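A.B. asks: As a plain string of letters, each chain reads:
Number of protein chains: 2
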Amino acid sequence: MKVLLKNGTVVNVFTGELEKTNVLMDGSVIAGVGEYTDSEADVVRDVKDKYICPGFIDGHLHIESTMLLPPELARVCVPHGTTAVVTDPHEIANVCGVKGIEFMLEASENIPMTVYVMLPSCVPATRFDESGAVLTAAELEKFYGHPRVLGLAEVMNYPGVIAGEPGIMDKIRSAREKGFTVNGHAPLLSGKDLDRYIAAGIYDDHECSSADEAKERIRKGQRIMVRQGTAARNLSDLLPLFEEPWAHRCLLVTDDKHPADLLNNGHIDDMIRTAVSAGRDPVTCIRMATLWAAEAFGLKRIGAVAPGYTADLLVLHDLEHVVAAQVYKNGEIVAENGAMTAKLPTMPGNGLMKEMCNTFHIRELTPDDFTLHYSGKKNCRVMKLVKGQLITEELITEIDFDKDNGADISRDIAKIAVWERHRNTGHCGLGFISGLGMKTGAIASSVSHDSHNLIVAGVKETDMALAANTVRAMGGGCTVVKDGEVLCKMPLPVAGLMTAGAAADIASQNESLRKCVHRLGVPEGVEPFMTTAFVSLPVIPHLKMTTCGLVDVDAQKRVDLTVG
Amino acid sequence: MKVLLKNGTVVNVFTGELEKTNVLMDGSVIAGVGEYTDSEADVVRDVKDKYICPGFIDGHLHIESTMLLPPELARVCVPHGTTAVVTDPHEIANVCGVKGIEFMLEASENIPMTVYVMLPSCVPATRFDESGAVLTAAELEKFYGHPRVLGLAEVMNYPGVIAGEPGIMDKIRSAREKGFTVNGHAPLLSGKDLDRYIAAGIYDDHECSSADEAKERIRKGQRIMVRQGTAARNLSDLLPLFEEPWAHRCLLVTDDKHPADLLNNGHIDDMIRTAVSAGRDPVTCIRMATLWAAEAFGLKRIGAVAPGYTADLLVLHDLEHVVAAQVYKNGEIVAENGAMTAKLPTMPGNGLMKEMCNTFHIRELTPDDFTLHYSGKKNCRVMKLVKGQLITEELITEIDFDKDNGADISRDIAKIAVWERHRNTGHCGLGFISGLGMKTGAIASSVSHDSHNLIVAGVKETDMALAANTVRAMGGGCTVVKDGEVLCKMPLPVAGLMTAGAAADIASQNESLRKCVHRLGVPEGVEPFMTTAFVSLPVIPHLKMTTCGLVDVDAQKRVDLTVG
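Read top to bottom, the protein sequences are chains A and B. In terms of this note's numbering, the first sequence is residues 5 to 568. In terms of this note's numbering, the second sequence is residues 5 to 568.
For the record, the hints were derived by calculation from the structure and aren't laboratory data. No experiment lies behind these values; they were computed from the predicted model shown. One or more of the hints may lead you astray.
Note: identical chains are not told apart, hence a pair may lie in one copy or across any two.
As the list claims (entries may be wrong) - Below 30 Å or equal to it, Euclidean Cα-Cα: the simulated DSSO-like pairs (lysine-lysine) are:
#: 1; residue 1: K196; residue 2: K6
#: 2; residue 1: K182; residue 2: K146
#: 3; residue 1: K304; residue 2: K6
#: 4; residue 1: K519; residue 2: K54
With the sequences and hints as input, model every part of the structure.
C.D. replies: Written out as structure tokens, the structure is:
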């Protein structure tokens, strides 16, 4: 079918010009831009006073962070103008290995948003991680034939790259040999170490938190992914990149974005609006979100309104608000005025989906499983949270195990447990955390980077066990428990990370969790689920809790709970 | 070995900035750009007050047009800063088919200039051509695995593309499916026809002769190769492209360049100098000649001075004259102060080389072979040259066959013959040409686009036969004959197109030919060998001579010599 959009103003991403003209789509492809007339089309749409631009591309996100399966994510993002995303299924791969990657590829078939996949490079992230799988270069190999696989995802193990460790270098070599892209993740790396990291074949990064950091990298050949997620928000600091000579080497990404944020604010369009309201040129922003994103991955036929390009395009009301009136995917209208109009596939309940919903392998836990078998007073290492940051401090303080088994709400010291949940090994790290402000009850979650074991924080062993068993019974998810009562819960049965349900439902459950924690005494401004999601990741300094106990991240070694 | 270039000013092709800094090369790769010190290198070179930029890339040329084999071409071009060229072995493929492509790949191994190859898309160029080979999509297929093959060369058959003819569309599809580039060649195509041509997958062109033509194409997603050859010189008309928003979608190419031109003026550096002397920014020119050229072909690790990039780089005296003081290829110095310092391989005399030197298959010719067997006066079609252009006009005029067999120097009418020389079929087209200004003698040449049959022009049958037999005896080349004497000759025994000798020798032989023709009465300003090289190419309007006689190019049909 031939569809003519006439009288529009096309945003030319090659030149930055605005051209009043017509666009003819022939099936899934743009046939031409120019003086096409009604008689050449089967369907004619007058888009007078509106703008036509390519569909937006999110160059880097983890779909698992949205807690949605790809079809539901499309329902949320496509009306905002996103027609392609590049996902790193790092989280599900840590739980389910190659099956997790296969599932994400399968679950993103036949939806009106192209889901490109980068292969997780660091599963597990560190040798302290007890994840559900270990992915070698050989296991990743078979995915490179898939038409939507574009390369190797963020290489977080930058010390390994700089040192030339064979494991990670094999994965990089394998991707490079095939001409694929290798994504970077090396915050604050600079100078000669950055040179070594780049020279290994890593030509982008999404962890820049200042324009100067980004500019050094652009000068050295990297492309910069300007990230604006729900928690990590670099856009305002990187606004200097939204002009030449930097902009054409930059793209827009969300990395980790929560469903409520997507529903309330939007996706890539929200980033463009934010930049435009800060005075940046909307055409430059659109070029960053389209052609320049495609170029970063060597994608040849998306990201422009030009002959032979895939007919993924948007009709925008104006360039001030960058709101999509219509979204075309493969030449068909799939969203209009903020709502999806295309039919989405339903996820089958069998096959890989069934396997993904059976990833919680741990016995029922008891209050004793959350009890430290010490007595009297001992100096202990306590993981101390730093407000607004993912890093933790090591606090060494005296713990009286004879009072509440060491939990001490007067000093804001709660208990923290990480239970291995992939293979029912019974491995568990149990200790103390300070800074949650919790006065009673417990919380539990299966979203716990990067291994996604079962993490439980609380001040009462009975509540900790109830919270843990509640998540266990859901096959994954989050819960808040107080005095033997489950206050609220959010099931995430798909790998313990995602729901098969609707974005609005999960957003509202998530909001309930956020509110419920205050009934445990947690003060405003503290987000305990966001916090606990990172206390088990021993690549972030300084003291972290794993399934095998505390890890001193700086020294990269296990340490005892007690000191001396 | 680690080589440090210190105190230079690096031309940053990503940002356009100039940075005073040091560059460390480690073996064939650039290790880093920054504060590297003497102690980190095995060799230190102080390049104070000089500029460091990437090696230049010629994005499109036919090596056969230089008449040199690749090693000798490297000897000429590398000192001018060229470290990579993209060649289309269209000419040799028309003579030798797949063997010709194999030969060019083999002959360009182990030279300090990377020779990338685009596969000839139009062999033969038209159904009227009687070339040495016919190349199908299936035959091209096997070359796509070669690491230096980058795609499908200039698709000249644009009517075929617009009409969707299966033969050419198969070749394009095959290249696109593998993610390869398809080069364009569609002069003056515009509007909807251009849309159709581009949509077939053709995203560059080197035939633009005006900035407006180029701008339309850039807006539609094509990259523009700004061409400056020996004959076709578009640079001055395309100077408006040497700034944004156009420049980053443009690259520099020579297409067809003669050895004397290369020796006397240079290569890509000459284009940059010409543009700079016309007021263009040298940094923009250098970006066009490096990174943006590499990007056009999806080449990932050449074209920039950055970590991990191949250490192909130049030390320039200044940015006004853009003269290379030193040329580094794979981290080794290969040319200095305009002269090659690297050792070049000598071409073996056996194997493919032997086959390439045995392509002339035609019997010895006699004066009778150049005699038209008509008598009396007849109206005939005469190919009329148009000064300074490749097009010809059809002149219908009365020819008196009883006087000099129709040749008439009083009206500047000579005879023209095209003899099939690949398979000794005896096919021959014989007729008249006007505009050479030849008063006596004959010339003959085996450089005759695109089939490279034996072309002979003259006013005396005995001289025509001698000229033809002289070229035949050389196994290819050019000659000038007068009154039974060979005045000069230039042997081109490699496929009848190239010499295994030195650039200086062939340049001087070529110059002799240019001068000698004046002894036949050819006036200054007429280049008969350049002219005859195109009178047998029935894709250029209006009347051309082939091995099977005259062709009316506009009507795309054979026509008789006589009219009525």
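A.B. asks: Are the hints correct? Go through all of them and say.
C.D. replies: A quick look at each hint next to the structure:
Taking the shortest alpha-carbon separations for K196 and K6, only the inter-copy value of 15 Å comes in at or below 30 Å, while the best intra-copy value is 54 Å. With identical chains, the CA atoms of K182 and K146 are at most 30 Å apart both within one copy (12 Å) and between copies (18 Å). In this assembly of identical chains, the alpha carbons of K304 and K6 lie at most 30 Å apart only when taken from the same copy (22 Å versus 37 Å across copies). Taking CA atoms no more than 30 Å apart as the test, K519 paired with K54 passes in neither setting, with 42 Å inside one copy and 64 Å between copies.
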